[in-house]
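Given chain X's structure and the hints, the job is docking chain S onto it.
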Amino acid sequence: MDTGIQLPSQKSILAIGSWTLYLLLLDILYPFLGMSVAVLALVPVVAMGWAWGTLGGLIGGALAFLSGMWLLLIYGGDLSPLGDPAYLVSAALIILVGLTTGRLRDLAARAERELSEREKAEAAQQRRHMELTTLHAISQTLASPLELDDLLHEALTRTIQAMGFTGGLIYLVDERTGRLTLTSHSGLPAPLVEQVADPDIDAATCAALYSQGQGQRHFETCSEDDCHLRPALFREAGLRSCLWALLISQNDVLGVIALFDSASRSVSGWEHALLASIGRQIGMAVERAILFQNIVQEREAARILLHTARILSSTLQIDKLLDRALDELRRLVPYDDAAIGILQQEQRGWVVAARGETAPLPREFTLSGHPLVRRVVREREPVIAPDERGRSRLGVPLIAKDKVIGVLLLTARRARVYDRRQAHLALTFAHQVAMAIENSRLYEQTRAQLHEVTLLHSVTAALSSTLDADQLLPYVAHSLCEMLNGTRAEVYRLNRQAEVVVIAAEYAASAATERERQRHLGEVHLLDDLPAVAEALARRRPLHFRLTDPDLAPALREWLTSRDAQAVLLLPLELGERVIGCALVWDSQTARSFTDGEVATGQTLLHQAATALENARLFAESRRQLRELQLLHDVSWAASTSLRLEETMQAAVEALAAELQDTSVALMLVDQESETLRLVAGVGVAGEKVRPLHLRRDEGIAVWVARHGRPLLIPDVQAGHRRGSIVSDIRSELCVPMLVGQQVIGVLDIESPHPDAFSRNDQRLLTTLASNLAILVERARLFEEVEAARAELQERAVALERANARLRELDRLKDQFLANMSHELRTPLNSIIGFSEVLLDGLVGEINPEQRECVEDIHFSGLHLMEIINDILDLSKIEAGRMKLRLDTLDVPALLEEVRATVLALIEEKGQTLTLEVADDLPPVVADRIRIRQVLLNLLSNANKFTPPGGQITLSCRQESPDALLFSVSDTGIGIRPEDHEIVFEEFRQVDGSATRETEGAGLGLAISKRLVEMHGGRIWVESELGHGATFSFLLPVSKSAMPSGSPRHATVLVVEDDRQFSNLLAFYLRREGYRPVQHFNGRGVVERACEVQPALITLDVMLPGQDGWAVLRDLKSNPRTKEIPVLVISVLENSALAFSLGATDYLVKPARRDDLYAILHRLTNPQPSAPESTILVVDDDSEFIRLVEGMLQGTSYRVIPAYSGEEGLARARATLPDIIFLDLILPGMNGFQVLEALRTDPLTADTPIVVVTSRDITAAERELLNDHIQGMMPKTALTPQSLLAELCHLERAISSHRIEED
Amino acid sequence: MAGETVLVVEDNKMNRKLVITVLKAHGYRVLTAVDGAEGIATALRERPDIILMDLQLPQVNGYDAIRILKSRPETAHIPILAITAHAMDDERKRAHEAGCDGYITKPINTRALSPLIRRHLDARTPE
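Line order of the protein sequences matches chains X and S. Take 1 as the starting number for the first sequence in this note's numbering and just add one per residue. Take 1 as the starting number for the second sequence in this note's numbering and just add one per residue.
Don't read these hints as lab results, they were simulated from the structure.
Taking lysine to aspartate or glutamate pairs in the DMTMM-like style, the calculated list, with each CA pair at most 25 Å apart, reads:
id, chain 1, residue 1, chain 2, residue 2
1, X, K884, S, E97
2, S, K17, X, D841
3, S, K17, X, E856
4, X, K877, S, D90
Examples of chain X residues lying across from chain S (beta carbon under 10 Å, computed):
id, residue
5, H823
6, R826
7, T827
8, L829
9, N830
10, S831
11, I832
12, I833
13, G834
14, F835
15, E837
16, G842
17, L843
18, V844
19, G862
20, M866
For each residue, glycine too, the CB sits at the ideal point set by N, CA and C.
Pulled out of the complex, with its shape left as it was, chain X reads as follows (with noise of 0.2 Å):
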């Protein structure tokens, strides 16, 4: 009733005072007025009446009765105021008056109340609307889907509109901080804004102040001290008032909003009430909106999580997703820079993804060198770092598998941006980022290492596959390089000499640097400027440097620098024993170091490599050598074509040309009378090369090469300095000398119409051509040259044979004469002989004894001339050399038995004693019994005959000598002078007229027997005096019975050579092998000193002194004493055919091979008379080989079979079944190979015996697949009779052995 209160004061004083004023009139007025002042009453009671209605109204006529007795009792004496009626109708109306002016007064107050309450409950329902629109608007402001702070404004602005005020202000809590934090303003000035904008005001202080009652603020009245918003401030911006209502939800104190105005207002009740509401429900709205962005947030973070999650597995290669990732964070995380970090060792680091503008952390880092990031590794949780210098810093570790493996790095530039909640979502995210780097290192891993693996494999493939080192080393370059995950890989050779290497091959990856692109192929480096390369080498081991080492020598840094890279690989590269270069991994990206795994990978594939280079250099080699091999080959086989040097050189060069495309080549020969390079051979020659060069005038390549007998390569013609030979359209050219010793006889001059056409290799070949082409060139020359000479020798040679051959026919004839002779002198004498003794016999009929005496006459002339006609056939067979001796093993006391027996009957008839005298012990001898026995009865014979009855003659045999029996027939008969001791072993010669009578005999025996014993290395002599007897002795050699088998054991070899030296080797060689050499060193005597030791071989030089060897030759072979010896010549001029025609045994060219000697020695002084014939099958189609082999072979016991083609050979081995096979390798249709594999599965052939005769070189491949299948192998140019005896010899020897073997 507030209003009751105010509105009586006013009447009240106006009551009062009009009542005041009535009785002071009264008391002064009633004296002059009487009673009728009491009517003046009227007005305070009216007054009364008004001032409190109707019963102020009643009260003032109460008053005023009451002031009308007192009147009457002080001025009317006696007079009682109840007596009188004036009176009392007076103060009867004036009561009346009062109560009907009370009335009045009561009714108009009950009007005026009603009416007032009216306006009221009017405005109040004005307010009310007013506050729910406010409200309303408000509401629907916080309820419309903006942002926090755009819906804060609004809501502000709002307010300030409904309530009427300038401007307001919105607080919100921080936080993080508890502490006010301008959110939203409105209408007020921005200076002002700006320094209100952080009042250092928490949450619970303005509860407090709220709750205390602080609503409303004065600015004028209230002092900076009580007041948290420096009144001065707002003062200065003209506001005065302050509204403010806390911004509240569920009892939490989210912020402040507070209204501003520029009028000094009151506020009312409502205002704060409905500024109280508005706080709340802006505080709802904060909490639905935090809650709200909150949830946004955690949607949002969810969403970029799983964005980030997806982002980070969808692919396995995280480098570059990780930069997109952190894009991601940046909308979950708020930063400026960010940094992933990865841990590599305990201590160590580096960054593989970085956003912003400065990196929270360098490229490398270490743990010591961030504090933070060893905090985070340590605590294994996030940190928020302490804000500096207006920063914030968030660091959350990476853990994959209970391991931290890297870190976050958040930074943001401004301070208390980090809270909990983001540390939890960069934490989360964290994890994330983690869990997809270990996939993605599994993952890379697992690739790498089937990347690695697959790439060694294509690698090795591919290695394994080129054979070309060219192709192979940017190979290497290019895998190394991908698979160490370099920028740039280069492979250096090391030459032989250790001291330069080559860029042999290069690789810049995509990654690399514009310096690192540069090509480097081809440069050459001393190794000395290459220190880090020199130490791998040296070590032979991987070496890796980088530029953050800290103890990098300067001038690997130096050299790291200035090949702009942070890292550097080097491994060597080994072949074998033998460093070979050297691989180098740059990496310009990272300061990196290689893993073990990817050194050992680098090491794999560098092994790999060198295995490779080594099969390419083999391969090479092999190509190269084959391309020689075919070359020269052809060239051989042009040669072999011909024999003239021009059509030789010309094939040659042909043959070269083929070789070598587009390429024109020039042979030119030395000539040396007129001192001139001449064009001997060429192909596509031009210019100069086609006139002859003077060696001395002229100029050019040719010539000097020529000069100097040194190679000489000109890679370009035009490029170098020797302009002046210049030929249109030569580029580059190489020539090489053609060298026989150091004499130059040519050159051999290649040219091509490009440049750097011809390599070193080419130099190479070309100069083992040349060379080869020289020794073609010499022989052609010497050929030419010996081949006058030889036309000459054999026309000599032809004429000695034609010669020879009528010799030989006369010889023949003769034998044939003889042979028919003795025949036809045979036959009648059977006759004489046969039926004289059928007389004597008496088979037909008795004779008287006169006719028994003439029949004995005729018998005993029969046997004569029998015994005569023998001994002539002997002699001539002897003379003839047919005689052949059947040596056996004789047992000398049966024989000499034997002997005895026979001549018994002749020796009793003429009454003679026959004494036998056989020494004990007798070795057995190896002679032809029926031949000793021979001698033996023909000096027993002669002993008889030449003694008179009853003499006495004597057999004896004793072992002379360790070498020789001495058989001895001595006699006491008429004995022989001296001087005929000689003449008596000579033909048809008797020592004397007078003896003839008492002998017979054709005077041929002793000679007869002479020559038995010469033959069998013995000699024979004769003692005896005129009339004292004699004694006719000989020796023989017991050393050929020294071996049953008739070894050439000790048998005496004279060997004629005037090089003492040679002579001793040969003597050596003869020790040796058992023989008893005897040396002679000149060419006169040989004759008699060949008579004198009676040698079972003589071996013959040609150039000696005195005579020459053909002489001596010629005079062995016409002695009777010496013809049978074989004589082998042994020369150093090739000319066998001269020396068979002079009757040579064998022939051997100087320096003769032991084992060839051995061979002869063996042959001839080991004579096979029962040989039987061994068959040799020859597939050759050359039949002038066949003819060479046969002629060869003439005379032996080997016969040839011809075939002149593979399937030839095959067809005639498997009919013949040939001894032994020689096989040419080249032939037409099925070739020698395919022949030897026919004749090895064919049961027939498989056991006989193949030697390969070839004329063209055999690989070891080829030598390989015939070693198990051929017995032996034989060069065709290698081809001698020597060598061919000696082969069949060897192959006789194993094949017995081998028969021995299976019987």
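Below, chain S alone, put in the same frame as chain X:
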């Protein structure tokens, strides 16, 4: 002296006569042939106890005759002595290869002839 039949194949008249004289004197029955063909025919027809075969014969030579006779069952068992020239190893070898049982060397030793034949006849395997 069982009067065995000896076939002498010899082209030389004087030699033939000498052999016949000697053999007859020793009591043998002697058949003669002058060449290989006749020798073979006679041998097949007469089945002599022993044959003396000269090797140098016209038409069919001694070697072939020996080979044929030795290949026929009717005559294979009959000893054949080849009459060879003086110490001609070659002839002896060939005759041996042809299948002869022994040799008589020319000039014929008339005194050794009969004992040689006797030895061969006695060495025959008793039938």
